[in-house]
Structure formats: C-alpha cells, structure tokens
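> Numbering-wise (our numbering), the sequence shown opens with residue 33 and increments by one.
Simulated from the structure, these hints should not be mistaken for lab results. Any given hint could be a false lead.
Distance ranges between label pairs, derived from CB positions [what the hints assert, rightly or not]:
1) N140 with P52: 41 to 51 angstroms
2) F114 with D66: 30 to 40 angstroms
3) M64 with N101: 15 to 25 angstroms
For each residue, glycine too, the CB sits at the ideal point set by N, CA and C.
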Amino acid sequence: AMSEVPGSILVSAHQSHSYPTGACLYFTFGGMVDADQRDAYYTAVWDAGTRSVLANGGSLSHHHGIGLNRARFVPEALKGGFGVLTSVKAALDPNGVCNPGKLGLPDNFGGPGWPTP
33 AMSEVPGSIL VSAHQSHSYP TGACLYFTFG GMVDADQRDA YYTAVWDAGT RSVLANGGSL
93 SHHHGIGLNR ARFVPEALKG GFGVLTSVKA ALDPNGVCNP GKLGLPDNFG GPGWPTP
C-alpha cells in the first residue's frame, strides 16, 4: 500500500520483537516529490501503511506509543472503544489540559496541527 503512493521510490520493513501472537514491524520509506508536496506525501504514505496494518488485524503501535502522527488513527483502531476512551478522558480531565491533541481525542486547544494530504 505504501509503495502505491505516487512519488514512492523505496518502501521496506523489518521484523522485530517476535511473539507467538505476532511481531513488531518497522517501516522505512522514501520518495521524490516537489518540496511543497513533502508533508502531503509523508502523511499519505503513513496513512496507506497504517490503514493496511489496521485492516489486517495489526495494532496501531507496539511499544513506541501513539504520538501526534498516529493520533488520527485512534478512532479507527479502537472502533467502538473510542467512545469509552473519550468519556473516560472527559471525566478525568474535564478541562482537557492533560496531553491535549494526543490520542485523537477532542482537543480544546486546536489540535496538533498535523498535516493532512
């Protein structure tokens, strides 16, 4: 999926942290696009790879956390559980000051400003 994004030149992965139930995959990619398209390209490749992993039963992150880049995928990854996470966050942090913009949760401060394709 990642190599199908226009401009992609190289997409590779290696396996690490193997378990009987699965493994952690690390992806590396590179492409050539115009300078004003770099953010859109980077985001599009991440979107393609992440959606492919989720569609095939993989998890959003092994042990590196979610962060700003993966936050937009949390609702998709958690499906119905995202509503539960949102409710718990609202109950424990009604002012939304703890980790704003993370985990794809509603943000009172305008969000992370991550580029979208």
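> Each of the hints needs a verdict: does it hold here or not?
The hints, checked one at a time:
Judged by the Cβ atoms, the range 41 to 51 angstroms given for N140 and P52 holds: they are separated by roughly 42 angstroms. In this structure, F114 and D66 meet the distance hint of 30 to 40 angstroms, their C-beta atoms being roughly 35 angstroms apart. Taken as a hint, the range 15 to 25 angstroms holds for the pair M64 and N101, whose Cβ atoms sit roughly 21 angstroms apart.
The structure agrees with every numbered hint stated previously.
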